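Since the structure of chain H is provided, determine the placement of chain Z on it from the hints.
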Amino acid sequence: MSQQERSDIFVIVPAYNEGPMLGDVLSELAKTGHQVVVVDDGSIDETHAIAKRHTSHVLKHLVNRGQGAALQTGIDYALAHGCNMVATFDADGQHRIEDMERMIDRIRDGECDVVLGSRFLDRETRESIPAGRRLLLRCATATQRILTGAKLTDAHNGLRVLSSKAASRIELTNDRMAHASEIIDQIFATDLVVKEHPVHIEYTEYSMGKGQSWIDGFRVLFHYIISRVFG
Amino acid sequence: MTTFQIMAIASMGTFLALTMLAAGTGRLGRVPGLIWILIWSTGIVAVLFPGWTTTIANSVGIHRGADLLLYIVVIIMTAGFFSMYLRLRQVRREFTLLVRKIAIMEGRSMTGEEEDGGNV
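Note that the protein sequences, when read in sequence, are chains H and Z.
For the first sequence, the numbering used here assigns the number 1 to the initial residue and increments by one for each residue that follows.
For the second sequence, the numbering used here assigns the number 1 to the initial residue and increments by one for each residue that follows.
Same shape as in the complex, but just chain H:
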C-alpha cells in the first residue's frame, strides 16, 4: 500500500477518560501511516493532552455525549477530509493493529464495503472471553438478529472498517452504546457488501472495567427499541 493510500485511511478513536492506555494505543497507530483521529468525548483526565502529543487530528466534545456521538463526529470529520476508508478502533488497547490492517486489505481488494470485527471467529479470543461477557454478547447478537435479520457472530465489536461510500451512509442518532446496533441496522438496510473478520480481543482488567454490564445491556436494548419505534 502506498503512503498516499495509507494517509487516505482515517482511524477514528473515540476516547473518554482513556488516559492510562491511550498513549500506547496511539503510538502503535502512528506507525501505520494512517490518519488517526481522536475524538475526546468530554474527558476530565489527561486524554486530550495525550492525544495532542500523538496526532494533529484531535476533536473535543465539550460535554460527554457517548461513544456513538464520538464515532459520528469522527466519521463526519474523516468524510470532510476526503477519506477513502474509515476504521473505528477502541482506545482501551483491546484491539490489534494487524487485524485492522487485514480488514482494510479486504476492502481495498474490492471484496466488500464493510468489514466488521468478530471476536467469536478468533479461536484464541473465543476461548478467553469471560463466561458472563460471552453470554451477554451472545444475547446481544441474538437480539440483533431477531430485530434486524443481520446474521452476524458478534454484534458489538468496536473494530470496524468501512469504505467511504459505506461511512457516508451512517448517521448515528443513538449517542450511547446502542449505536453499535444502529450501525449494523443502517449498514444492513443498504445494498453494501458486509463481511466479518476474526479479530483478537485483549481482555485486561482495564478493558473489562470499561466494558458493558448486564444492566448496561438492558439499557442499550431499551434505547435501541425506542429509537426503532420513535425514530
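Worth double-checking, as some hints may not be accurate.
In silico lysine to any residue, SDA-like type, Cα no more than 25 Å apart, as pairs [said to hold, decoys possible]:
(1) H/Lys165 - H/Arg138
(2) H/Lys165 - H/Asp105
(3) H/Lys52 - Z/Ala66
(4) Z/Lys101 - H/Thr153
(5) H/Lys31 - H/Asp109
(6) Z/Lys101 - H/Lys151
(7) H/Lys52 - Z/His63
(8) H/Lys31 - Z/Met110
(9) H/Lys195 - H/Thr153
(10) H/Lys52 - H/Gly82
(11) H/Lys195 - H/Phe230
(12) H/Lys195 - H/Ile215
(13) H/Lys151 - H/Arg138
(14) Z/Lys101 - H/Asp76
(15) H/Lys31 - Z/Thr111
(16) Z/Lys101 - H/Asn17
(17) Z/Lys101 - H/Ala80
(18) Z/Lys101 - H/Arg138
(19) Z/Lys101 - H/Thr55
(20) H/Lys165 - Z/Glu113
(21) Z/Lys101 - H/Gly149
(22) H/Lys52 - Z/Phe4
The hints are simulated quantities; they were obtained by calculation from the structure and are not laboratory data.
Quick caveat, the model's predicted, so the values are computed rather than measured.
Frame of chain H, contents of chain Z only:
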C-alpha cells in the same frame, strides 16, 4: 360545600385562569391549552359534583367515582412522563449535534483549515 372542595376549587380555578391567560397570550399552544383547560374544568366539576363521577364510573363498570378519577390521573401522568421523555430525547439529540459541530469546527481551525460555514 366542604373545606376540601373550597381549597380544591380555588387551586384548580387559579390554574385554569393561568392556563387561559397563557393560551390567550400565545405562550401556550392552542392544543395543549385546550387539553389543560379541559383537565382543570373536569377537575372542578368532579369536585363540585362528586355524584356525577360515580354515575360515569358505574356506567363503565367501576364502582367508585374516586377510583375512576385515580385511573384517569394515572393514565394522564404516564402519558405525560412518556411525552416528556421523548421531548428530552429530542433535546439531547439536538444538544449532541451542537457539541459535535463545535468539535469539528474547532478541530478544523486547529489544523489550519478554513471554515466553510460548517457543511461537515
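Going down the list of hints, with the structure as the test:
Proximity of H/Lys165 to H/Arg138 is assessed by CA-CA distance (about 30 Å); at most 25 Å being required, the pair is judged violated. Distance hint between H/Lys165 and H/Asp105 is fulfilled; the C-alpha atoms sit about 16 Å from each other, no more than 25 Å. Only pairs whose Cα atoms come within 25 Å are accepted, and H/Lys52 paired with Z/Ala66 is rejected, the gap being roughly 65 Å. A threshold of 25 Å between alpha carbons decides the hint, and for Z/Lys101 with H/Thr153 the separation of about 34 Å lies outside it, so the pair is violated.
The straight-line distance between the Cα atoms of H/Lys31 and H/Asp109 is roughly 22 Å, inside the 25 Å bound, and the hint therefore holds. Of the supplied pair hints, the one linking Z/Lys101 and H/Lys151 is violated, its CA atoms being roughly 34 Å apart against a limit of 25 Å. A threshold of 25 Å between alpha carbons decides the hint, and for H/Lys52 with Z/His63 the separation of about 70 Å lies outside it, so the pair is violated. The hinted pair formed by H/Lys31 and Z/Met110 meets the criterion: a straight-line CA distance of about 23 Å does not exceed 25 Å.
Of the pairs offered as hints, the one joining H/Lys195 and H/Thr153 holds, with about 11 Å between alpha carbons and a cut-off of 25 Å not exceeded. Of the pairs offered as hints, the one joining H/Lys52 and H/Gly82 holds, with about 22 Å between alpha carbons and a cut-off of 25 Å not exceeded. Restraint check for H/Lys195 and H/Phe230: the C-alpha separation of about 29 Å exceeds 25 Å, so the hint is violated. Taking the CA atoms of H/Lys195 and H/Ile215, the gap is about 30 Å. The hint is violated against a cut of 25 Å.
Restraint check for H/Lys151 and H/Arg138: the C-alpha separation of about 12 Å stays at or below 25 Å, so the hint holds. This hinted pair checks out: Z/Lys101 and H/Asp76 have alpha carbons roughly 10 Å apart, not beyond 25 Å. With a C-alpha separation of about 20 Å, the suggested pair H/Lys31 and Z/Thr111 falls inside the 25 Å cut-off, and the hint holds. Distance hint between Z/Lys101 and H/Asn17 is fulfilled; the C-alpha atoms sit about 21 Å from each other, no more than 25 Å.
Proximity of Z/Lys101 to H/Ala80 is assessed by CA-CA distance (about 12 Å); at most 25 Å being required, the pair is judged to hold. Taken as a hint, the Z/Lys101 and H/Arg138 pair is broken in the structure, with Cα atoms around 35 Å apart against an allowance of 25 Å. As the CA atoms of Z/Lys101 and H/Thr55 are separated by approximately 20 Å, the hinted pair is consistent with the 25 Å bound. A distance of roughly 24 Å separates the Cα atoms of H/Lys165 and Z/Glu113; the hinted pair therefore holds under the 25 Å criterion.
For the hint pairing Z/Lys101 with H/Gly149, the CA-to-CA distance comes to about 33 Å; that exceeds 25 Å, so the pair is violated. Using a Cα cut-off of 25 Å, the hinted pair H/Lys52 and Z/Phe4 is violated, with the two alpha carbons roughly 66 Å apart.
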